Amino acid sequence: MGAGDTYTSVTKTSRTAAADAPAPEAVRLLVVDGPDRAVEMTLSAGTYVIGKAEGCSLRLRDATVSRQHLELAIGPRGFVARDLGSKNGSTCDGLPFTELRPRIGSVLRIGRTRIKIMSTIRRVAAASTSAGQFGLLVGSSPSMLRLFELLAAVAPTPASILIQGETGTGKELCAHSIHAASKRAKGPLVLCDVAGMSGPLIESELFGHVRGAFTGADKDRKGLLADADGGTLFIDEIGELALELQPRLLRLLDERKAKPVGSDRYRAYDVRIICATNRDLAAECAGGRFRSDLFHRLSTISVQIPALRDRKDDIPALVNRILDGREVTLPSETVALLKAYNWPGNVRELRNVIDRALILLGDRTELAPELLGVRQGESTSDDSGDKFLDAKERLIMEWEREYLTALLRRTDGNVARAARESGLHRPYLHRLLKKHGLGSSRPARP
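Counting from -9, one number per residue, gives the positions in the sequence shown under this note's numbering.
Possibly wrong hints are sitting among the right ones.
Taking lysine to aspartate or glutamate and the DMTMM-like style, the derived pairs with C-alpha atoms no more than 25 Å apart in a straight line are [as the list claims (entries may be wrong)]:
id, residue 1, residue 2
1, 329, 283
2, 212, 230
3, 106, 217
4, 212, 390
5, 247, 303
6, 425, 339
7, 176, 245
8, 176, 156
9, 302, 162
10, 209, 195
11, 425, 390
Label pairs and their in silico Cβ distance ranges [said to hold, decoys possible]:
id, residue 1, residue 2, range
12, 420, 316, 24 to 34 Å
13, 290, 317, 12 to 22 Å
14, 339, 139, 21 to 31 Å
15, 276, 416, 38 to 48 Å
16, 388, 74, 51 to 61 Å
17, 209, 330, 29 to 39 Å
Read the hints as simulated data drawn from the structure, not as lab findings. Predicted model only: the values in this text are computed from it and were never measured. All C-beta atoms, glycine included, are put in the ideal place defined by N, C-alpha and C.
Using the sequences and the hints, build the whole thing.
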């Protein structure tokens, strides 16, 4: 295919599923990347438009998404996705298309936004914990089964919950799973990523503002809290919230009321609050960086997600979840290497390693150890911080070069197409290519 070609029928990745599987009666969309990350919605029979225009079924804040970008339909033809003549195009599992029938598990990319197509999640029952799964969380280790039992008990209640755990352990998936098992499952789940917002804008983003509240406020803004009304507000990286805003959150937790910026009137909200942090909030309180009254209010119900190094027996199940039905075998040597590595980045790092290996897999069906880019000798090291950083930097450099090489090969050396497919800005991609001496020349095919 040339750089400008697009698929106008079922893609190779979805052909088998489309041919063999019955059309779904309903699917669930989960935004996994982009400004609206963590937003989800369920589609039943009907036609839905995704874009940034008012009135879209799923309205996105991504500036690179067209006003009416993508149409999804569930009907007699099955489940069909159709690009509506968007400026930046649409891809499914990395392949551009104008119309196709995506499969469950496929990932649609429009602009900088990635949307995963998932089967509808039924209300999670306590019995599911014994099966090694709670919603989107997977694991059969004792620590995970204890976590599942706790989540099954607290999810149906209206209580606010604090999720704690290291970076990459799955705190966001935990919030999704709690919401899906709650009485608010049909309502919205809205993400407030404190770490991803600039300080002065957090208050307006969260609570909204009225016209004239500050320079540039030329119209009212509802805010994320209002968007979550009737559902769940997930505040990620709560430990990053500025001290001056913490009393406002405490009032919201206590009274379910808040004032938009610039307003003198409180508004009541029907919303459940779930917060997450990778910080030790008790230590933050001791250091004067977090209010102790807010910490105690948040930690009334607190759940801790264990690090992956403490539940390595769950790794095969996690890999199977990441593979998502792909026909790939895991030899015993690969499983042994995955278990030997200590995973400082936890499940997120595991996903990145498997995704990298799949890029390099090509037409092969066996995920060999050398595709992983991890080394057993480095994984269990007790070396100094400098040596760890050196090893980490070396692995990143190796991963970058292998990823870029495979990306250029897959896109026939077309940098513009490679930038679109990878989600990287073209100037940044050029810098990466120059850094690794790859340039923009077309790599030879094996």
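Cross-check of the supplied hints:
no.	hint	in the structure
1	329 to 283	41 Å, violated
2	212 to 230	22 Å, holds
3	106 to 217	21 Å, holds
4	212 to 390	41 Å, violated
5	247 to 303	44 Å, violated
6	425 to 339	23 Å, holds
7	176 to 245	23 Å, holds
8	176 to 156	29 Å, violated
9	302 to 162	20 Å, holds
10	209 to 195	14 Å, holds
11	425 to 390	10 Å, holds
12	420 to 316: 24 to 34 Å	32 Å, holds
13	290 to 317: 12 to 22 Å	46 Å, violated
14	339 to 139: 21 to 31 Å	27 Å, holds
15	276 to 416: 38 to 48 Å	47 Å, holds
16	388 to 74: 51 to 61 Å	40 Å, violated
17	209 to 330: 29 to 39 Å	56 Å, violated
Violation of the numbered hints given earlier is confined to hints 1, 4, 5, 8, 13, 16, 17; the remaining hints are satisfied by the structure.
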